[in-house]
Amino acid sequence: MNSILLALAAIGRPVLGLCRTAGRVTLFGLAGLSHLVRPPFHPRMFLRALVEMAYFSLPVVALTAIFTGMVLALQSYTGFARFSAQGAVASVVVLSVTRELGPVLAGLMVAGRVGSAMAAEIGTMRVTDQIDALATLSTDPMKYLVAPRLLAGILALPMLVVVADILGVLGGFLVSTTSLGFNPAAYLHSTFSYLETIDVVSGLVKSAVFGFLIALMGCYNGYATRGGAEGVGAATTAAVVSASILILAFDYVLTGLFFSQ
Amino acid sequence: MSGAVPKVRIRGLAKSFGEKKVLESVDLDIMAGTSLVVIGGSGTGKSVLIKCVLGLIEPDAGTIEIAGENVLALSGRARRAMYARIGMLFQNGALFDSLPVWENVAFGLIARHRVRRAEARARAGEILGQVGLEPDVGALFPHELSGGMQKRVALARAIAATPEILFFDEPTTGLDPIMGAVIDGLIVDCVKRLGSTAIAITHDMASARRIGDRAAMLHGGRIVWDGPAGSLFDSGNPYVEQFTHGSREGPIRMELRG
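Taken in order, these protein sequences are the chains called P and U.
Under our numbering, the first sequence has 15 at position 15, and the numbering climbs by one with no breaks.
Under our numbering, the second sequence has 219 at position 219, and the numbering climbs by one with no breaks.
Because the hints were derived from the structure by calculation, they are not lab data.
Being a predicted model, the structure only gives us computed values, none of them experimental.
Cβ atoms here follow ideal geometry from the backbone N, Cα and C, with glycine treated the same way.
With a straight-line cut-off of 20 Å between C-alpha atoms, the simulated SDA-like cross-links for lysine to any residue are:
#1 Lys21(U) <-> Val224(U)
#2 Lys20(U) <-> Ser47(U)
#3 Lys20(U) <-> Arg226(P)
#4 Lys20(U) <-> Gly227(P)
#5 Lys21(U) <-> Thr63(U)
#6 Lys21(U) <-> Ser47(U)
So, partial list: chain P residues that the calculated Cβ filter (under 7 Å) puts toward chain U:
#7 Gln130
#8 Asp132
#9 Ala133
#10 Thr136
#11 Ser138
What the simulated footprint calls covered on chain U by chain P, stretch by stretch (three residues with Cβ under 8 Å from a Cβ of chain P suffice, anywhere in the stretch; the number is not a length):
#12 83-90
#13 94-100
#14 108-115
Just chain U, same shape as in the assembly (with noise of 0.2 Å):
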């Protein structure tokens, strides 16, 4: 690997909820301008891996650098500054049910670069059409969206800012095939316009080798394999063979009771 400082470094991240260890030491770099996909069963943590990555839940262990930068000891307006510069997708999607779709994908402009209402409205109006929906769209309200273009919309706030990084959980989750195969391709034209670096996590396998350059394994707390995305099928790593064919055999045995 070359000299380069990843655009995040993760070393030694653990977390516990109670007697549950969910990660244990967790290492990544994810260089800038690729696409890492995470996967990994259900329960196994990757959730709660990229909410530390964000400070959203705070790790009983470990250093996360995005830049080079320890973001666990940012706190306050240096924390804002941070998420300035990143996009989130939830998995629901998150969309804020009492404000219309032109203000939800605008939030963060009005609210991190204090763009003016009347501006970012058309602001909106155009990111919408980069995800594929009309502009008119943005008068409705969440609740009268299909869940497709719930995550449109989704997508659409987390690119509003022309984040450095982006992050996305389960993008796919809910959708049929065809639309995860859309929302898919629209991260990736998303991703490669803006430049941006990308973190995935899924457990679906056609959407991980869609988005990912890289792909790493988390189970049992660890990453139990790195690798390119292109190869998440002959791996030759017995964790990944399990899952990739969902074969009950193998070494990883599924936890019935949480």
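The following block holds chain P by itself, in its conformation from the complex (with noise of 0.2 Å):
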């Protein structure tokens, strides 16, 4: 009987921490979400954040989308020439493209780049007391650091995903009509002949959430850091684990609301 205590035990452990976590990451973005429509407001934070996650990021997500197309080409012609199905390649590159991969590669790759980098910005910020000199000089920390880069998530991973799309679809185009004997018009017009609004909606819908959770985790991390130097290298650790299952996991969740009969 104690055995089997003991077990439930140690099984309830993780799940109630895994509740309160969940729990104090909600509160944390709910508070973040409140101060965007709550003066003052620090604009030029916002700005800075942009700039870092949707330029600076724009090198990374436009090889890995130019190169997943391409991959997505070639992939889907070997596979499609058995069943003489070649003529569907460009309809399958753009769908991929533009409901899945261009979101989910470019959050990803957001998630890693400009993630890991918030946590340990903010989570260096915590462990030499920056958080709390900022507050001693009547700045609300959440307003100055958080809620600046909450914005800036939503709204730049849209901006990045538009620019993976147009890009993922060149790869694939560029592949089936230098390599596979595509021609280009009739390629191009079988890409847009299949393509709908909601294809591409969806996917800016989706890397709005992915933008909003990447930041959410990567400030949330930050903010929570204990100890110093390996504090702070944890928080960089788990903000990027957390931020990418969150995605893969939201991507089902909205997958299954947009496109679910």
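Fit the two chains together into the complex; they arrive one by one in their own frames, and the hints show the way.
Shown next, in the form of structure tokens:
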């Protein structure tokens, strides 16, 4: 009996810990969002975060998107050749990129590049008393550090995903027309005839949610940092891992909401 | 003691972290215009005390009044208004890495007092001059400065908005004795010029005597001695005697485990 209770306790502890953390993250996110509509605002911090998240992430997102489009065209061509369905390559590329791969891969790339940097910066500010210093200078750290980053995340990811969508389709187009023998005009016609507004819009909505999640996990883990350099390292890892898992989980949920019959 | 209201009044302040009682029942009065130095060994709760007064840590029990107002009851806008009356020099400076020196110094002017950036930059240059730094230091970033210069910039930031109360957390930690004396001299000059009330915590005895009018010793979560800073070395209190003389023999037992 005692061993059963011990086993249940061993299962229950991490579950309760997960619930506690989920509650804390939710309250933290709501508090951050509430500062978006309550002055004073910090437009400089918002612009700085937007440039860091959108502009400086462009190269990595662009490279990821173009190679993904190229690989997708190659794979679907060789796969569909077994069913003599090579004509579907263009539509597979455009639907995969706009609905799934653009938002998810851009989200994962930005989580690695920006989410980690947010956690490291805010975590360092926490362990060096800079966050306390903000408070003593009559500045709410949530309003100054968190709210601008959340807004930047919501806006930056859709911008990046528009670029990723275009470059992903371009990658597929280049491979298909230069290596696989597709006619350029026919490929483009096939691409756009199968593409619907909901395909692009669902990707952009997903990316806005992913951007929020990346900023939220970066800020939360940075804000909750304890200890010194080791704590900052742990916060950085936690920010990237948690944001990546949440992106994949929310991708499933949002896909279900948009496309379930 | 006269019937004047103390600038800072602390009663029954207690704070524990888990099982560890850091502050048990701290009582302190700091009169307007005086400089109080709180001394005590490492880990005795000096920083916790100052952070409780600043509202950065919520105490478990007790009251803290600043100019007769209970700061623990303040929230939001009222707390930010209270912060507008204080300046704080953190132990490691706590300068904002991502901002140039002038913006660090002018941060409170811009955030609290809505001073325009151009004017705030000019005023930051003047304040840097008051702590012995050239105005062109303002264009540098904190990581480009030496430890002594960072402390001066942190002091400049603390005094920028001419606060009524100044807090100093270990102002000379990490500095050589000469630079420590220079920083202490600047602190005394600034406090006198502004007419502020000052509360400093330190375990540097030379610094304590230079900065303080009064001194109090924190040990075991309580104030065990309170008197003129000039009498620190002949206080007659066994705790203070052991601490000031750095003796291993006496009532203070160092905890080797946290």
